[in-house]
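Undergrad: Once you have looked at the hints, place chain B on chain A.
Residue numbers (the numbering used here), protein chains in the order written: chain A, 1 to 537; chain B, 538 to 1074.
Just to be clear, a hint being listed does not mean it is correct.
With a straight-line Cα cutoff of 25 Å, these simulated DMTMM-like cross-link-like pairs (lysine to aspartate or glutamate) come out [to be verified]: (1) A:20 - B:764; (2) B:557 - A:227; (3) A:224 - B:790; (4) A:50 - B:790; (5) B:587 - A:253.
Just so you know, these hints were derived from the structure itself, not from any lab.
All values derive from a computational prediction rather than experimental measurement.
2 protein chains.
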Amino acid sequence: MGLSDEISPADAHGGSSPGKEQQAAGVGILLQIMMLVLSFVLGHVLRRHKFYYLPEASASLLIGLIVGGLANISNTETSIRSWFNFHEEFFFLFLLPPIIFQSGFSLSPKPFFSNFGAIVTFAIVGTFIASMVTGVLVYLGGLTFLMYRLPFVECLMFGALISATDPVTVLSIFQELGTDTNLYALVFGESVLNDAMAISLYRTMSLYRSHASSGENFFMVIVKFLETFVGSLSAGVGVGFTSALLFKYAGLDIDNLQNLECCLFVLFPYFSYMLAEGVGLSGIVSILFTGIVMKHYTFSNLSEKSQQFAQAFFHLLSSLAETFVFIYMGFDIAMEQHSWSHVGFIFFSILFIVVARAVNVFSCGYLVNLVRPAHRQIPAKHQKALWYSGLRGAMAFALALQSVHDLPEGHGQTIFTATTAIVVLTVLLIGGSTGTMLEALHVVGDSHDGHDGSLGESFEENNGYMAPSYDEELSSGNKIKMKLKEFHKSTASFTALDRNYLTPFFTSHNGDEEDEEEQDVPMPSSGRGGFRGRGRV
Amino acid sequence: MGLSDEISPADAHGGSSPGKEQQAAGVGILLQIMMLVLSFVLGHVLRRHKFYYLPEASASLLIGLIVGGLANISNTETSIRSWFNFHEEFFFLFLLPPIIFQSGFSLSPKPFFSNFGAIVTFAIVGTFIASMVTGVLVYLGGLTFLMYRLPFVECLMFGALISATDPVTVLSIFQELGTDTNLYALVFGESVLNDAMAISLYRTMSLYRSHASSGENFFMVIVKFLETFVGSLSAGVGVGFTSALLFKYAGLDIDNLQNLECCLFVLFPYFSYMLAEGVGLSGIVSILFTGIVMKHYTFSNLSEKSQQFAQAFFHLLSSLAETFVFIYMGFDIAMEQHSWSHVGFIFFSILFIVVARAVNVFSCGYLVNLVRPAHRQIPAKHQKALWYSGLRGAMAFALALQSVHDLPEGHGQTIFTATTAIVVLTVLLIGGSTGTMLEALHVVGDSHDGHDGSLGESFEENNGYMAPSYDEELSSGNKIKMKLKEFHKSTASFTALDRNYLTPFFTSHNGDEEDEEEQDVPMPSSGRGGFRGRGRV
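Looking at chain A on its own, in the form it has when it is part of the complex (with noise of 0.2 Å):
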């Protein structure tokens, strides 16, 4: 967070410089800390009044912007503006690592896992679909003089890192409305995987691109992305289960030691994220998957005092996280300098991406449904919603702004104007009208078909991971749609695995059916909603 270029190197005379110094940093940070709890109390107070039109990340941004700006007029002193400069190195090691665990750690495992086939589908082929869509129709325009012209790899990189959603916006909306839990799990799941998705093609991409001349191909690039993905998620999914495996053993439930308990659990995820980005794989991914394995696993060997203590904790941090990436974000863009000399560039990519993301969920969707039974499909108006629901956010942002470092001066600048411009019109406007939106396409409340309901409702509906009927002849039948259904199956199998052999050696419990249940008690308050521990249920 810039400390360290704020100490003057043994500055010989300047007795009273460290103290100015500190005094800049003391009112920077009590600046950021104002914000912080204007955020969280407009919120609070718009939550409680039903004002969806201004949900609490554009309410966020919203003063960011407004503080940026007035700070921007005001002439600040530069060594408290520093404070505010949006690094990217800040975000990716410390506020993001919370946000991300905090997703796997608060994931209700049974909807994320029946509908496991059609999440990995939206966010791996889905995201790469809208990516090359983006990434190609962006080149296309700049071929045609519709637009600034970059080469194809940049627009490729730009497609990647445009195509990373944002949860946090649409998610605390879904909540508040209540929704349907399938709708639910699929938006938070997309949003999720593909923030780890679009950052492993930007850097591969990135990769590819400064290696472009020692011959690699395509193929490799796609060959490595998978390596990339496939050993972040085994170090996470490793990470978590050594995790389980010390606190069943290591006997810290006892009454005097819940100190020592906590602070070892709550070092395991940053542990996790440090050891993929140390290797060079993706921390990101590797820490969604250690939070959603110390959910299922390790969370049931810690003591009950710890267990709620954890739960607190974890959405404490990743609630500030999230407002302070925000209004972290809005800060800079109000700051930082923009060349807005492509103004064609921000309109077609805007153009671009709602079409890219059309192609991305309605294709998925497709492929999806064409496997699924009958009364599982995906309705049309969830895939509408889910169209809908693709603002993007922090993570565009970031590496928007390491493009600027990754890139030639002017093509780096270009991305980040644009990327700022799509983030600040998505948050508030998608983000404003999102609870409008869900209304129309009838999908929230429980005043529609049998199909939706309230979470808790349609949560019993598909309590089993299977549909019984699951074996049923369906409509259209063919290759693809059997590759498919064979992975729902192994989908299955792992949870008999999970129930016979994973949940009895890593935890203390029997993995019998009370077990099973014991576990989904705290899982429903996935966001913002507060945490219901075990405590006095």
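TA: For chain B alone, coordinates are given in the frame of chain A:
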């Protein structure tokens, strides 16, 4: 933490460079997490086997020293190394606040306030005496060619920074062994307040030094210091009271707002710290008193679950920060360049600080005993224990590191090397021998004269803030004694004020006896011993 200088600005074609930087950061942080985990585990094992010769803090320092030494030999990359340089700003802005806040937050108010006069005497008067004695002795040492010669103001700066004693190690041993409440309160209160005093003194001297030409006299410096101290105290208390009122009236203690409640609660201490720093006051004094006020008033306005959470949260944060500080310090000591040319300076400094602390403790002890009734005298063995427990830690180290920037080339280096040596020696030697020493002085355990006893017993004894036989006549009486008695009375009237006005005004309780008792239940857990919240009492 040196983020910004690792980002190469507008690096036109360094495609793989940001990835490399991030990888280095990953490795650096990964190493730190591993050392943290190792420290916690090692500390736990040592405690479990009642091996008091290597307390957790010493173990952490050793781990840092060893790993730092290995990294030094093995020629680690500079990009990883930069993650381990001890940045004073990082220490003062991020590591110190949670530690100091936890000190205030975990304070048992009764023993603290019943010893308030003595604590203030030791911390304010005593630290001032110790600084002056050390400074004058070092100056005289320089004049007589015993040691490296420093200007008088720089000697006083050294005296101030080296008078900051570290609470962590000694207190954890006290807690393990169990000691007299009054002695514990004395050591605890002194070491916390004295940090605040030392840093204020250091900064005042530093300011005086750089403005010496403008002809301010020494009297003005003291006025300035008192101004800072009182201002910081007021700011801290003010923020604390504000938070109490906010939580009393905001109505956040309902079921689904716990996360919001916790978010706001954890932001207040940091707000207090940065507010004070931002307006040029002392953040550490401010956050300490915010901690005391928030525990006493705000805490009881929280919902029960948030209370449990807040207690565990700050305990966790301060444990992590404490342990990390020692590792970080050890690592930096092993990596940093030292000027070992002035071994005489180190040797005589150690001698002088031992003398200075003796002057501090025994003279202040005499002063305090003048005014106390016979049965509340501070026994000689308690004074000896207090004298012995003055080991130097992170505060001295951080200030010494800052003096490298504040002072001319050779001077700062000499002070830094001497401080480093003193920190390592005292942490390892005094930290390792405190247990033996305390046992030799018969101030631990339950097996000695009636004045001592387990925490609970003597807590009962001194249950009223004032001893009942307060107004009986004593052996010696004079003017200063009367003054001190008045001060004593004013703390007594504060207790009444608190019970009758402050508690009812700032909390949802009525301030009656029952309330008093309820508030004391969670207090005894003032350190590392796990969180014993109010749940399931």
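Undergrad: Which earlier hints can't be squared with this structure?
TA: 3
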